[in-house]
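Using the sequences and the hints, build the whole thing.
Residue numbers (this note's numbering), protein chains in the order written: chain A, 9 to 276; chain B, 233 to 559.
Hints may contain errors.
[As the list claims (entries may be wrong)] According to the in silico footprint, chain A covers these stretches of chain B (three or more CB under 8 Å from chain A):
1. 262 to 275
2. 455 to 467
3. 541 to 547
[Stated by the list, open to error] Simulated restraints, written as ranges between beta carbons of each label pair:
4. A:263 to B:461: 41 to 51 Å
5. A:62 to B:367: 17 to 27 Å
6. B:375 to A:34: 38 to 48 Å
7. B:383 to A:119: 23 to 33 Å
[What the hints assert, rightly or not] Quick partial rundown of chain A residues pointing at chain B, CB under 8 Å, derived from the structure:
8. 79
9. 86
10. 89
11. 96
12. 98
13. 149
If you are wondering where the hints come from, they were derived from the structure by calculation, not from laboratory data.
C-beta atoms are modelled at their ideal positions from N, C-alpha and C, and glycine is treated no differently.
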Amino acid sequence: MLKATQLQLSFAELKVLDDVSLAIPEGRFTALIGANGCGKTTLLNVLARMLTPMSGEVLLDGKPHAQFSRRELAKRVALLPQRTSSPAGMSVRELVMQGRYPWQSWWQQWTEKDQQAVDQALVLADVVALQDRALSTLSGGQLQRCWIAMTLAQDTPVILLDEPTTFLDIAHQIALLELLVELRDQGRTIIAVLHDLNQAARYADHLVMLRQGKVHAQGAPAQVFTSANLKAVFDLNAHIITDPHSGDLLCVPISPGRAGAAVGQAGL
Amino acid sequence: MSRKWGWPVWLLIMTGIACASILHLAVGAKSIPWVEVWQALTAYDPSNSDHSVIQGSRLPRLWVAMVVGACLGLAGTVMQAVGDNPLADPGILGINSGAALFVVFGLLVLPGNNMSMIPLFAFSGALVAALGVMLLAGRSHNPVRLTLSGAVMAALFSSITAILLLLDQQGLDSLRRWLTGSLGISGAVLPHWLWPYLLIGMLLCLCNVRALNTYRLGAQAAASMGVNLLRMRLMSLAAVVLLSGCAVALAGPIGFVGLVVPHAARLLVGNDLRHLLLATPLIGALLLILADVVARTLVSPYELNTGIVTALIGGPIFVALVLRKLK
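In structure tokens:
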């Protein structure tokens with residue numbers, strides 16, 4: 009469905025994406041992980057056609073990205089940006105209604121379907137109680153959930169999210185990840201930049217590890233979520249253990265200076 | 233939220249326009265009683281001299297005031313929305329001065345000109361000024377830089393205009409009043425050529441309203457929701473050029489209307505552009521009618537130029553907006 013071939017992109021002298029090729033599995037949850045500044049956000053923006061690569065192309069349903077009009081693309085791919093704003097005098101409901109932009113036109117104004125999509129998005133993102141509040145009165149986490157609702161109202165088969173769990177407390181982080189899994193089960197393709205490695209390993213079906221603008225590894229968590237890869241991508245020493253309750257993989261960082269870090273490293 | 237106070241606001245605006253219009257018709261060099269004004273409108277008697285003053289000179293001037301105010305209010309709103317800049321205004325950003333310069337240049341210097349070419353001069357001047365300001369302001373999203381670029385362009389165009397007028401003393405007399413913005417100059421009639429440009433300008437605003445609304449969420453979010461940013465910006469540019477050009481061609485460069493009107497409208501109807509684009513032409517018309525009443529009565533029997541009155545009203549508001557922004 010969404011496929012990238014040999015993407016290259018530089019900002020001035022800096023190579024941000026270097027020969028990135030990806031096949032995003034359809035109807036699955038893909039997590040992009042990597043150290044700060046490794047090109048995750050840039051890659052997400054290229055996949056959403058917010059940035060144009062200098063070479064290489066992105067194929068959506070087998071068709072080059074560039075062949076879609078903005079509106080047609082917005083009916084297929086939604087993007088939740090990392091930084092969101094709260095325009096003065098806009099209510100939560102009005103914000104979520106903006107998500108219907110690509111579906112409306114001059115001869116087809118607000119329809120029953122638009123209404124349903126907005127109502128449903130408000131419920132899914134758990135912001136029904138906030139719907140009449142002004143955006144400027146919300147906390148960071150509430151605002152983030154409202155923007156997620158807007159992204160959901162866009163009702164696209166592909167949803168891209170850039171660090172969607174930022175600003176959310178732990179309960180809402182888990183609720184959001186469960187929601188993404190639920191959306192995946194409905195057949196949507198989810199691609200999210202995630203910071204928490206354990207959340208990525210637990211909820212995603214497919215991990216893409218980026219290192220300095222290149223794809224270091226990609227595949228199912230069981231295959232790529234290894235100490236060797238984490239060392240290479242994050243320069244992090246960690247064990248990978250299995251959660252005795254759920255069987256999910258967990259990464260446990262090793263602190264070299266602590267007693268009991270039983271790896272035989274000289275603890276200085 | 234969206235409709236701040238709902239329909240009473242619209243009723244208030246319409247009532248305001250009606251009252252201001254009757255006031256506009258009644259006052260002037262000779263005060264005419266309200267009853268006479270009403271009769272002149274409803275039961276026109278050509279032999280009555282008061283009636284012919286109203287029908288012949290004051291009513292046409294009222295229409296010019298309404299159209300110019302509506303154009304400037306709408307142009308200012310679109311500029312503030314698309315530039316995401318609360319200080320944008322066709323006067324402050326130099327668009328009016330550019331249009332005025334081209335009109336003066338066309339009339340004084342170009343051979344074979346005639347009055348029907350004024351709008352074309354005005355549009356090309358507005359376009360050149362808009363592109364110049366955008367070029368100076370650069371791609372950085374900095375309201376202060378944009379405003380400063382506009383001020384520089386406005387000063388530049390005004391001084392070139394002044395030089396042109398120095399070279400042609402005869403031109404000075406006929407154009408001086410026009411250049412400070414006067415509703416009494418255009419022969420107080422709405423020319424036929426105006427309507428198509430006006431209509432296209434307003435349609436462009438209307439076609440853009442949803443895109444501009446979504447653009448409030450930021451350029452990136454708007455683009456990811458399917459807004460064609462380039463098309464939205466080009467359409468807005470065309471609308472601003474047409475509307476400001478029409479206003480300048482009719483009454484010369486009148487400043488600050490486009491600045492003040494959107495702010496007033498936001499207080500009344502909220503920030504939703506669907507309501508703003510409807511309210512701002514009305515409030516703009518109302519403001520200009522009132523400004524013209526003041527212009528004609530403040531130093532009676534002399535007459536101030538309307539542009540001077542709007543500057544007197546708008547200047548302090550501009551300062552207040554800047555101070556609030558800096559805080």
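Comparing the hints with the structure gives:
1. Coverage of the stretch 262 to 275 of chain B by chain A is violated. Counting CB-CB distances below 8 Å, 0 residues qualify, and the rule asks for three or more.
2. Only residues whose C-beta sits within less than 8 Å of a C-beta in chain A count toward coverage, and the stretch 455 to 467 of chain B has 6 of them, enough to reach three; the restraint holds.
3. Look at the stretch 541 to 547 of chain B against chain A: 0 of its residues bring a Cβ nearer than 8 Å to a Cβ of that chain, fewer than three, so the hint is violated.
4. The given range of 41 to 51 Å is respected by residue 263 of chain A and residue 461 of chain B, whose C-beta atoms sit roughly 48 Å from each other.
5. A beta carbon spacing of about 26 Å between residue 62 of chain A and residue 367 of chain B agrees with the range 17 to 27 Å that was offered as a hint.
6. Between residue 375 of chain B and residue 34 of chain A the C-beta distance comes to about 44 Å, which sits within the given range of 38 to 48 Å.
7. For the hinted restraint 23 to 33 Å between residue 383 of chain B and residue 119 of chain A, the CB-CB distance of approximately 46 Å leaves it violated.
8. Hint status for residue 79 of chain A relative to chain B: holds, with the closest Cβ pair at about 4 Å, below 8 Å.
9. Restraint check, residue 86 of chain A versus chain B: the minimum CB separation of about 7 Å is within 8 Å; hint holds.
10. Because the smallest distance between the Cβ of residue 89 of chain A and any Cβ of chain B comes to about 5 Å, under 8 Å, the interface hint for this residue holds.
11. With a cut of 8 Å, the hint placing residue 96 of chain A at the interface with chain B holds, because the nearest CB-to-CB distance is about 6 Å.
12. Against a cut-off of 8 Å between C-beta atoms, the interface hint on residue 98 of chain A holds, since the closest Cβ of chain B lies about 7 Å away.
13. Given the 8 Å rule on beta carbons, the hint for residue 149 of chain A is violated: about 18 Å separates it from the nearest Cβ of chain B.
Of the hints listed earlier, those the structure fails to meet are numbers 1, 3, 7, 13, in rising order.
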